[in-house]
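Position chain B relative to chain A; hints supplied.
If you're matching them up, the sequences are chains A and B in order.
Take 1 as the starting number for the first sequence in full-length UniProt numbering and just add one per residue.
Take 1 as the starting number for the second sequence in full-length UniProt numbering and just add one per residue.
Any given hint might turn out to be false.
It does not matter which identical chain is meant; a pair holds if it fits inside one copy or across any two.
As the list claims (entries may be wrong) - EDC-like mimics (lysine to aspartate or glutamate), calculated; alpha carbons at most 20 angstroms apart, straight line:
1. 62 x 245
2. 161 x 131
3. 186 x 176
4. 62 x 203
Hints listed in this document are in silico derivations from the structure and should not be mistaken for laboratory results.
So the chains spell out like this:
Protein chains: 2
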Amino acid sequence: MSKELVFGHKNPDTDAIVAAKAYAYLQSKLGYDVEAVALGEPNMETNFVLNHFNEPTPRVVKTVANEVDAVMLVDHNEPQQSADDIADVTVTHVVDHHRIAGFNTAAPLYYTAQPVGCTSTILTNMFAANEVEIPAQLAGLMLSAIISDTLLLQSPTTTDKDREAVKALAEIADVDYQSYGIEMLKAGTNLAAKSDAELVAADAKSFTMAGKNVRIDQINTVDLNDVISREAGIKQAMADESAKEGYDLFLVLATNVLDSNSELFVVGEPKAVVEKAFNTTLKDDRASLPGVVSRKKQVVPPLQTAFEG
Amino acid sequence: MSKELVFGHKNPDTDAIVAAKAYAYLQSKLGYDVEAVALGEPNMETNFVLNHFNEPTPRVVKTVANEVDAVMLVDHNEPQQSADDIADVTVTHVVDHHRIAGFNTAAPLYYTAQPVGCTSTILTNMFAANEVEIPAQLAGLMLSAIISDTLLLQSPTTTDKDREAVKALAEIADVDYQSYGIEMLKAGTNLAAKSDAELVAADAKSFTMAGKNVRIDQINTVDLNDVISREAGIKQAMADESAKEGYDLFLVLATNVLDSNSELFVVGEPKAVVEKAFNTTLKDDRASLPGVVSRKKQVVPPLQTAFEG
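Chain A with its partners taken away, still in its complex shape (with noise of 0.2 angstroms):
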C-alpha cells in the first residue's frame, strides 16, 4: 500500500491539526502509511495546544500530488478549503463533521460524517469501534480540539457524544478539562498579537453559495470590544481580501467564547441576503447576533437558504 498525507482544512484550527494526527495514528495501527500534515501554520491556540502536550508541528504543505496519489481528509470536505492540487488525487477516506458541498469521487470511498461539535470526537467513537487505545497524550490534543470546537462545550453544536468524548479523553489525558479549557480558549485569544490582515484571515473559509464567493472568518474573543475598536481596520483588511481574492461576500464574526454572544461585520452583496439570513438589519455593515457562536450551525445554514430562497 502506498503512502497517503492525511490533513484538515486550510487555515487550520485547532481540530484540522489533531484530527489529522489521531486519524494518521488510529490508520497506521490498522495497517495504512500514513503521514499527518497540515495545510497552513498552526494558529496560537493550536500552538498553546501543542506545547502543553510537547507534539510536534507537523510539516505544513500547500499541494499533495507531488508527493503522494491519494490522501485523506478530516475536518472538511469542501474542494475550496483543502489543497489546492486535491483535484489530481484520490480522496480513499473522510471524517468530518461538517455539511457536504462540491465534494465528488470517480469511486467508492470510507466516509464517515456526524453532525457532533469536533471531527475528533468522531475519532474518539472511532478508537473505540476499532479497539485502539489513545495514548494519553494524544487524549490530550483531541480533548483541546473538542474544547476549541465546541468552546467548551457551550457551543449550540455540543452534543452528548462531545460531552461523552471530553470525559473520557480527560480521564485517559488525566487533565482538569475546565479549568485546562478557559486557560487554552484564553491562549488563543490574543488579538493584540494580530494585525488587521491576520485577523481576518486566520481562521477564513470559503463557501459558494448561489454561485457567489463568500468567505466567512471567525474571531474568539473573551470581550468584544478588542474587536469593536479595530471595526475600520478590519473591514478595510475585509474589502482589500475581498478585491485580491475575488470575494463577492465577506463576514467577520467576531464571538466572545466566554458569553456566547457575536458581533457581524459585512463586506461585499448581496447585503439583503445576509440582513434576511439572521433576521437583522445591519447598520453602517454591522449587526448583533446575540446566541449566535457557530459558524456551521448558526451561519453557514441560514445564509445558504437565504441564498436559495
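Just chain B now, with coordinates in the frame of chain A:
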C-alpha cells in the same frame, strides 16, 4: 422527532429495497420514527427474495416532500438516482457504498460510506456497533442483497467484509447461502418475461459525466445468448429511451452472473470515449468485456476517467 422516510435508489435492486428495510429497522430501534419505502416496484429477483422470506413489498413513492421534511438515503446519494423532489427535503442520514457525486447539503449530517460490495454489509456492521440484534427474517433479506450485489461473492467489488457478513447473516437466517444464492440469481434473470423496453430500464442508472447525460443499464443473465439474440430490439429500445429522456450516451452491460463475463451495447455519443474507457474497439456498437461484472467498479470509474481525459 417527526417521521422520516428511508429509501434506496430509483429502479430499485434487491439491496436498494432491503437496505431501506434494514436501516429503518435499526433506526426505529434507536428511537427514530421512520418508514422504509421504495422509489419503484421491486424487480423479479427482489420479488423472489421478499416471497422467500415472507416479507411485504414496501410502499412505492415517487415524491417525498408531500409527506415528510427529512429523509434517510441508502444505497445511493446522487440526486438524479433519488426521489424526484429530493432537493425539497433535508437528507439527515446516508448509508452507501458508491462514489459521492452531486450530493450537497446545507447542514451537517450522518454519512456512512464504505467501499464494500453492498450497503447491507455496512448495515450488518452497524447493527453490531449499536448492539442491535438482526432478526432471522431480516438477516435472510440482507444476505440476499449481498449475494445480489456481489453475484454470490464473485464480483470484484467483493471484500472480506462482505464475505464475513454473508457468513454471519447465513447463520442467523439459517440458510445455505450457496444453493440459495444460485436459486435467487436465476430467479432474477428470467429475461423472456421482459420486453426490450423493460430490459433496458430495469436496472438503469443515470450519471453526469463531463456535462453529458449518461445512462448505464445492466442485464444479468445465466446465458449471454439470451441477450445477444435480442440485440436489435434492445438497441432500438435504448435509442427510443435516449430520444425520450435526452440521454447523450446509453450503455447496456449484459452480464453472465455464473461465469463473470459481459457484453456491452452502446447507443449515442461519444463512442470514442467508450472505446478508450474499456480499451476496446466497438464492432457494430458492441464489444465483449471479459471479466467485467461490476458497473460501479469496472464501468463507471474508467468511463468517468475517459470522459475527463
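Here is what the structure says about each hint:
no.: 1; hint: 62 x 245; in the structure: within (17 angstroms within a copy, 44 angstroms between copies)
no.: 2; hint: 161 x 131; in the structure: both (18 angstroms within a copy, 17 angstroms between copies)
no.: 3; hint: 186 x 176; in the structure: within (16 angstroms within a copy, 63 angstroms between copies)
no.: 4; hint: 62 x 203; in the structure: within (17 angstroms within a copy, 43 angstroms between copies)
Violated hints: none; the structure is consistent with every hint.
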